[in-house]
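Residue strings, one per chain:
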Amino acid sequence: MNHRLTFYLGVLASILASAIGLVAIPNWQFRDLKPFMDDQGYEHPIAPFGARSVGRRVYTDLGCLYCHSQQVRAANFGADIDRGWGTRRSVARDYIFDNPPLMGTMRTGPDLANIGARQPSRQWHALHLYNPRITSPGSIMPSHGFLFRRTNVDGTPPVEAVLLPAKPGEAAAYIIPTERGEALIEYLKSLNHTYELPEAK
Amino acid sequence: MSAAYILIWGCMLLFGCSSICALLWAIRTGQMTGSQEGANSIFDAAEPIGKPTDAFPGAKR
Amino acid sequence: MSVTATEINAAAPDPEGYVNERVDLLTRVQIDRSCRQTVVWYYASAVVWLLLGSVFAMLSSIKMHNPDFLANYEWLTFGRVRPVHLNLVGYGWSSMAAVGTLLWLQARLCKVRLPFRRVLPVTCVIWNLTVFAGMIAILAGYSQGIEWLEFPPQALGSFAFIFVILLATSLKMFAERKVKHTYVSQWYLFAAVIWFPILYSIAVVSMQLPSVTGAAKATINWWFGHNTLGLWVTPVAIATSYFMIPKVIGKPIHSYHISLLGFWSLALFYNWAGTHHLVGGPLPAWIITVGIVGSMMMLIPVTTLAINHHLTMIGSFHMLKTSPTLRFVVFGSMVYTLVSAQGCFEALRSISRVAHFTHYTVAHAHLGLYGFFSMIMFGAYYYILPRLTRNEWSSAPLIKVHFWTAAGGVILYFAALTWAGWYQGEMMNNANIPFIQTVEYTRPYLIARSVGGMLMSIAHICFAILVWRILRTKPVSQFHGPTLLANPQSEAGLAS
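Chains as they are written, first to last, in our numbering: chain A, 1 to 201; chain B, 1 to 61; chain C, 1 to 496.
I should point out that these hints are in silico values taken from the structure, not numbers from a laboratory.
Even for Gly, the Cβ is constructed at its ideal location relative to N, Cα and C.
One thing to keep in mind: the hints can contain errors.
With a straight-line cut-off of 25 angstroms between C-alpha atoms, the simulated BS3-like cross-links for lysine-lysine are [to be verified]:
id, chain 1, residue 1, chain 2, residue 2
1, C, LYS178, B, LYS51
2, B, LYS51, C, LYS172
3, C, LYS400, B, LYS51
4, B, LYS51, C, LYS180
5, C, LYS111, C, LYS178
Over 10 angstroms on every C-beta distance to chain B, these chain C residues come out as not near it, computed from the model [to be verified]:
id, residue
6, LEU59
7, ASP68
8, PRO121
9, LEU348
Chain A with its partners taken away, still in its complex shape (with noise of 0.2 angstroms):
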């Protein structure tokens, strides 16, 4: 019966037209994207490695994109750049190195696409995702205590050691992170997407 054939191939034709329309033509117009070297000869922007890489695959594993997105939107659309979040709109060709995409779609909290430049300290990551209301009063981010061993001061804390603020009746501690916590707090550091590109200008 051809009025089955019929079926059968409009059905098809429908998903392969947006396959090619929105899988393979995206694809191929990125493809070519590279990084773009300005008049130092620094690339931008550049693969993650090392502890940011690993510190990747955390910031993936433990979900922190169902709440943060990491891109900075046009002037006029929000208010993304007044706030700070960025100095320029995001574009494809700041992604280029990113797999998987963590562009997000939630802002329970802030955008993260340029949180290494907004806050580069480590000291400020790590007691943030320790108990991120000491840093941030009536934030509703998780802690990530298992992150960190917490030690009470007892002599000179190792150099690494990050100290907790004092709270009365308490002991003074200090935290160490894991090595899984010291890799997402380079991820975090790393984040970055201040240099220029032509098409953001």
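Please build the complex by placing chains B and C on the supplied structure of chain A, with the hints as guidance.
Only chains B and C this time, still in chain A's reference frame:
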């Protein structure tokens, strides 16, 4: 960029037009007639039109 | 029609009519019996995933307003329980309930017995193992980190195998069908069985390819994510309501001829709608524009469905009181009209500027997958399970509690998060308001969401008790209940 743009709109236009053509063809060749028969095809002698087939348990019929 | 064929038969016994009735009844009983094992396995598994999915939903929801709740366990951190919730209700509950409904509907509509009765229950086992393994993988930190595709890519193997069997089953039933006319539900069911495996394999494979860059992957992500809803679960639910509404009230569809337009416009436009999830994002304007155009064009299939479903109901609304199936299915299809219309406009740039990145989207997603899809599936369970198990539902009040807690829960959930999300978005777009205020503003509404979630969880417990009881009790020998169709004596005779 512009090539992709043309391709995408070309695709949409092509499929849009072909769907309209298919619709016209369907109407002309009588695919749209006998639609009442289609709508009735889920009923039969045991469950005819006019007979409800579901109720809360325990309800009196 | 006020006089039914049965009444005519009763008044003046007509031998030919009586024979036809017996034959139709016998066919139907045989078809239902052939579906029994497969559909019951799929349905029972789906309920287990629904319960487990609700547990993870409650965990995620409570963690949103009490962030230190169970925060010391890495595997129970918010960023893991939330995707587990999504995948369990998406691939466990929704998809397995959809497969059960789809197989039964196709067998009924083709008037043939379910083929491949040995291998189909095996696909159910494989499906369960896949979802279970995926859940463990996410909890243990092996998520792919891509929304809707968190499961490890190996899941593609199982789903490919399962869908080859499902496609073969559909094709075989259709080829051997005993009905001249192809009813509208069939188009949707077929299309869904063809679409999902294509979508899933293209998405998983292209996500694994290192040559595909970040921005393209984000596009593919939402092409897949939105199409899973639009081209997999939505067609099954539409097919179900196209069958259940006329069948339960005993009245044909209002405007059957426009259902063709509804089907093809959905096939043509839903495909392209997904990229509205990236409005304002770092992608070329055309990708987003295509998504917005596709979303707006969805008004066509939505309107045709609204005409067919709601106008068919006119004059039969009193039956919402008497039929559990109708109550759930009509609620679901009314929500479909609402949620789809909302979705069309939500894609517009001016709305997205505020609503994107907020709880508004979360509310919309739940209205769709729960208020529309899950409610229709509940309705399908109430119709199909008594016919498969040859049992009555054990308690009418419990069904009513199920309905009202589910409906109340999802309405509260939607209202709270829509309101909160919109103002969250307005505040976020005003740089003079500190970001933390958007968090503090939403917090009471997040608590309201937990209350809504709790109501839905109560609904699921009632539902699970009902399903457990109907599966556990022995089939009744006397057919006196109203759900079990008209002719108790003749049907009892056929079944024994």
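For each hint, the structure was consulted:
{"no.": "1", "hint": "C:LYS178 to B:LYS51", "in the structure": "holds, 22 angstroms"}
{"no.": "2", "hint": "B:LYS51 to C:LYS172", "in the structure": "violated, 31 angstroms"}
{"no.": "3", "hint": "C:LYS400 to B:LYS51", "in the structure": "holds, 23 angstroms"}
{"no.": "4", "hint": "B:LYS51 to C:LYS180", "in the structure": "holds, 22 angstroms"}
{"no.": "5", "hint": "C:LYS111 to C:LYS178", "in the structure": "holds, 6 angstroms"}
{"no.": "6", "hint": "LEU59", "in the structure": "holds, 34 angstroms"}
{"no.": "7", "hint": "ASP68", "in the structure": "holds, 45 angstroms"}
{"no.": "8", "hint": "PRO121", "in the structure": "holds, 27 angstroms"}
{"no.": "9", "hint": "LEU348", "in the structure": "holds, 18 angstroms"}
Hint compliance for this structure: hint 2 alone is broken.
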